[in-house]
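Peer 1: From first to last, the protein sequence lines stand for chains R and V. Take the first sequence: its letter number 20 is residue 20 in our numbering, and every next letter is one higher. Take the second sequence: its letter number 18 is residue 18 in our numbering, and every next letter is one higher.
To be clear, the hints were calculated from the coordinates, so they are not data collected in a lab.
Cross-link-like lysine to aspartate or glutamate pairs, in silico, DMTMM-like; alpha carbons within 25 Å at most:
| id | chain 1 | residue 1 | chain 2 | residue 2 |
| --- | --- | --- | --- | --- |
| 1 | R | K16 | V | E205 |
| 2 | R | K16 | V | D184 |
| 3 | V | K165 | R | E67 |
| 4 | R | K19 | V | D247 |
Remember, predicted model here, so these are calculated numbers, not experimental data.
The lines below spell out each chain.
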Amino acid sequence: MDFLNRVLGHPPKSAKNAKERLQLVLINDRTDITPAVLEILQAEIIEVISRHVDVDPDSVRIDIEHEGRSQRLIADIPLRSVPRRRAG
Amino acid sequence: MTTKVVTIASGKGGVGKTTAVANLAVALAQDGRKVVCIDGDIGLRNLDVVMGLENRIVYDLVDVVEGRCRLRQAMIRDKRLPELFLIPAAQTRDKNAVSPSDMVRLCDELRQECDWIIIDSPAGIERGFRNTIAPADKVIIITNPEVSAVRDADRVIGLLEADGKTDQGLIINRVNQAMVKRGDMLSVDDVLDLLAIELLGIVPEDENVIVGSNRGTPIVLDGKSKASQAFMNISQRLQGHKVPFIDLEEQTGLWNKLTKFARGGE
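Bound-form chain R, shown alone (with noise of 0.2 Å):
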C-alpha cells in the first residue's frame, strides 16, 4: 500500500505522520533529551570510547528505545577490528 502511494505521488497518511511525530516529541517531553542533545551525546561517546579502542565514528548509533512507559539509552558501537601483528 505504501509503495503504491508513493508510486502514485500520494502523501503518506496523515495518522500515520500524527503517530510518527509524537512518538519522537513524547520521548523528548518524557526525557527532556532532544536530537540537538543526543547528538552532542553521542560526540562525546565517540571521543571517550576512541581513547582507549579504535571506533568507527561514522557507524556510531546513540538512540532511545522506549518499552511501555520506559526509555532507555541504546549505544550501538562496532568496534574496527585490529589487523593481528606477526609474533616476532
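Position chain V against the provided structure of chain R, taking the given hints into account.
Peer 2: Quick look at chain V alone, frame taken from chain R:
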C-alpha cells in the same frame, strides 16, 4: 462500599473533561450510588451548566473552604436524580483560593456520606490541577485522537507517576471511526501505543453531546446514543464490572440496519 475519589484530567482544554464528569456522575447515580461531583475549575466553572444546575447555586467550593457555609449547604441536589450532588466552583475567585490540603480535607469529610466523588480538573498542570489530583484515589486521563491532546495527556501521566498516583485509566474521547478508517485519525491502538496506560473507555464522536449540553441534560440520561452507551460502560468498569469495549465499526446505514434486522437484530 468504600468511597472512591476519581479525578478527571487532561492537560489540554476542550477534550471533554466536564462532559465526562457529568455523564459518569449521572451513570453512577443511575446505578443507585450516592455521587458528589466537584467542579475544580475555579474561575471558569462549567460543570453547573453542563448538568443544568446553574440556577440553583447559592454557595460554592470556596465558600466551604473558607468556612462561610457548611459542606451540605454547598451540595446542590440534582433535579432528576436525588442521589446526585454538585459542588460548584467559585466563579469570581482564582485557583489559589483553594489548596491541595483543603481538597483532601473536604473529600475526607465527603467520604463519610457518599459512594463516589468525581472531580473535574481544570486544563493546565498548575495549582488547579494539583488541587484536584491531591485527594484522588484514581485519576482518569481523557484525551482526543489528536497530536496536541495526546502530547498533553502524556505530560499529565508523567506528572501523576512522579506524584505516586499510579491508579490511572485512559478515556479516548471523540473518536471518528470514518476518519480512522481513512487513515486520517489516530486509532485507539495508536493512542494506547503512545501513552501506554490502561484503557478505561472509548467514546465515539457524537453530536448528541452538544445537544445535551445545550439543554443541560447529560446524554446518559436518555441513554440511546453511542456516546452515552460508552459512558455507561465506563461507569460499569469503574464499578469493577468487565464490559467489552464498544464496536466503533458498527454502521448505521440503511443496508446495515436491514441486514441486522434480517439477522434478528439487537
